[in-house]
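J.: Sequence:
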Amino acid sequence: MSDTEYLARLNAEQRAAVEALDGPLLVLAGAGTGKTRVLTTRFAHLLRSRKAFPSQVLAVTFTNKAAREMRERVGAMMGEAVEGLWLGTFHALTARMLRRHAELVGLNSNFTILDTDDQMRLLKQVMEAEHIDLKRWPANGLMAIIQRWKDRGLTPDGITAAEDTDYAMGRARGIYEAYQARLKALNAADFGDFLLHVVMILCGHPDVLADYQRRFRYILVDEYQDTNLVQYYWLRLLAQAHRNICCVGDDDQSIYSWRGAEIENILRFEKDFPGAQVV
Numbered sequence: 001m002s003d004t005e006y007l008a009r010l011n012a013e014q015r016a017a018v019e020a021l022d023g024p025l026l027v028l029a030g031a032g033t034g035k036t037r038v039l040t041t042r043f044a045h046l047l048r049s050r051k052a053f054p055s056q057v058l059a060v061t062f063t064n065k066a067a068r069e070m071r072e073r074v075g076a077m078m079g080e081a082v083e084g085l086w087l088g089t090f091h092a093l094t095a096r097m098l099r100r101h102a103e104l105v106g107l108n109s110n111f112t113i114l115d116t117d118d119q120m121r122l123l124k125q126v127m128e129a130e131h132i133d134l135k136r137w138p139a140n141g142l143m144a145i146i147q148r149w150k151d152r153g154l155t156p157d158g159i160t161a162a163e164d165t166d167y168a169m170g171r172a173r174g175i176y177e178a179y180q181a182r183l184k185a186l187n188a189a190d191f192g193d194f195l196l197h198v199v200m201i202l203c204g205h206p207d208v209l210a211d212y213q214r215r216f217r218y219i220l221v222d223e224y225q226d227t228n229l230v231q232y233y234w235l236r237l238l239a240q241a242h243r244n245i246c247c248v249g250d251d252d253q254s255i256y257s258w259r260g261a262e263i264e265n266i267l268r269f270e271k272d273f274p275g276a277q278v279v
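Residue numbers for the sequence shown follow the numbering used here, beginning at 1 and rising by one.
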């Protein structure tokens, strides 16, 4: 496919978003207006215009299906399958980072990933060891609180009085701490740990952060309105050096607010990245 061919398929606003390759860019668009097409075409345009190699672009989606579609569409525009991509969901990409730097948070690189049932089983064991009445204080209630803390980037010692809860007679923070210690002892992580651990690593190890900032010259983010705080921290850390971050979202619609999405992330984009373009 020629350059003129894939760019000719876009309307004026879509084309402006695709061709504004350098600096921070926020693309606001409603459902069905071609947001994903813009992101995918922008990805191919970065590669075709030799702005970046495939491994220098970090592309983040919310679902595996969206990642798969983006990979296929970029390949179609390039005329061949593109290898070496950092393209996937928040969980997949941060799990990949965590495997590389697990020892910095007290894990081995072959750590086990706990699914929802395993998490619940482990939390119940921790609560029973702490003599918590599980009939009065069900484990799933506490798990929801712990996951909310993780979505907000909070480790047990980072929970302020304002963020705390009186669940389990005010012992939730202590149980969260014991649960995290148990995970570490088992060389395990739950899904909420991927981002939490990686953000801690990037904040605590400037050399690791600098390495990723050098590696990712461009960052592309789909469905930005659905990001939670810890996802936002991760993206902001990685984007601070080059500032070549493009976030696509719909500021009228946040489907994941029930699980910690922060629509404010879109609203403060221009404050975080002064001089940002908005299309």
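Hints in this document: simulated from the structure, not taken from any laboratory.
Check each hint, because a few of them may be wrong.
[As the list claims (entries may be wrong)] Listed below are the simulated DSSO-like cross-link pairs for lysine-lysine, each with C-alpha atoms no more than 30 Å apart in a straight line:
id, residue 1, residue 2
1, K65, K51
2, K124, K135
3, K135, K65
4, K124, K184
5, K135, K271
J.: Now tell me, hint by hint, if it's right for this structure.
T.: Status of each hint after checking the structure:
1. Of the pairs offered as hints, the one joining K65 and K51 holds, with about 27 Å between alpha carbons and a cut-off of 30 Å not exceeded.
2. With a C-alpha separation of about 11 Å, the suggested pair K124 and K135 falls inside the 30 Å cut-off, and the hint holds.
3. With a C-alpha separation of about 39 Å, the suggested pair K135 and K65 falls outside the 30 Å cut-off, and the hint is violated.
4. For the proposed pair K124 and K184, the alpha carbon gap of about 16 Å is at most 30 Å, so the pair holds.
5. Distance restraint check for K135 and K271: the Cα-Cα separation of roughly 46 Å exceeds the 30 Å cut-off, and the hinted pair is therefore not satisfied.
The structure does not agree with the numbered hints 3 and 5 stated previously, though it agrees with the rest.
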